[in-house]
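Let the hints inform the model, and build the full structure from the sequences given.
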Amino acid sequence: MMFKPLAVTPGFDVWPGFLDLPAQRALVDAVFAAAEQAPFSNYGTAYGKAMSVAMTAFGPLGWTSDASGYRYTDRHPGTGRPWPEMPSALLDLWKRLGDTDTPPDSCLVNLYRDSARMGLHQDRDEADPRFPVLSISLGDTAVFRIGGLNRKDPTRSLKLSSGDVCRLSGPARLAFHGVDRIQPGSSSLVPGGGRINLTLRKAWPV
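In terms of UniProt numbering, the sequence shown opens at residue 1 and continues consecutively.
Treat each hint with caution, since some may be false.
[Stated by the list, open to error] Think about it this way: if two alpha-carbon atoms lie no more than 30 Å apart in a straight line, the pair counts; the simulated DSS-like pairs of lysine-lysine are:
id	residue 1	residue 2
1	Lys159	Lys4
2	Lys95	Lys4
3	Lys95	Lys159
4	Lys152	Lys49
5	Lys49	Lys159
Calculated from the structure, these hints are not laboratory results.
Shown next, in the form of structure tokens:
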């Protein structure tokens, strides 16, 4: 069944409750299995401060950050091993909602525990912003904020709950966005509590 998305702003579409509970559980299980091969890390920023969100990845490419800057890499920075294979369920979701025939080469996995947040930022590390970012929410509800192409543009906030899927594309692809907070205890899906955010991307050139 195909749900009609909510067009929050031009280029920012949300499919509330797109994934049912069994599909959500399967993805959470896949995340923690992958973390045994590619452990979660709280990367440092270019300014030397550790991020509150823990990260890993699926697929040919993962993302990392340190004093040298932000970049994609084909190896986990801690283990030196390739990133875990991307689950077929994520590739299927991209085919359904990604609005492109080009497959993703990266799925970033962000783990938000109770106090974690993500400041306003643009996703600019990908080679070609014509490809969308497809985002899946699992676990605790997040207060998500999206603005415009400039950091000082007006923003609007909305709640993203477990099973929601959203897409940044077109005029919203480079919009500033972030997570102000999560709502601890709003879901029991994630072991230990918190929220998992999966973001599918085409990072390197075609």
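Can you name, in rising order, the numbers of the hints this structure does not satisfy?
-> The structure breaks none of the hints.
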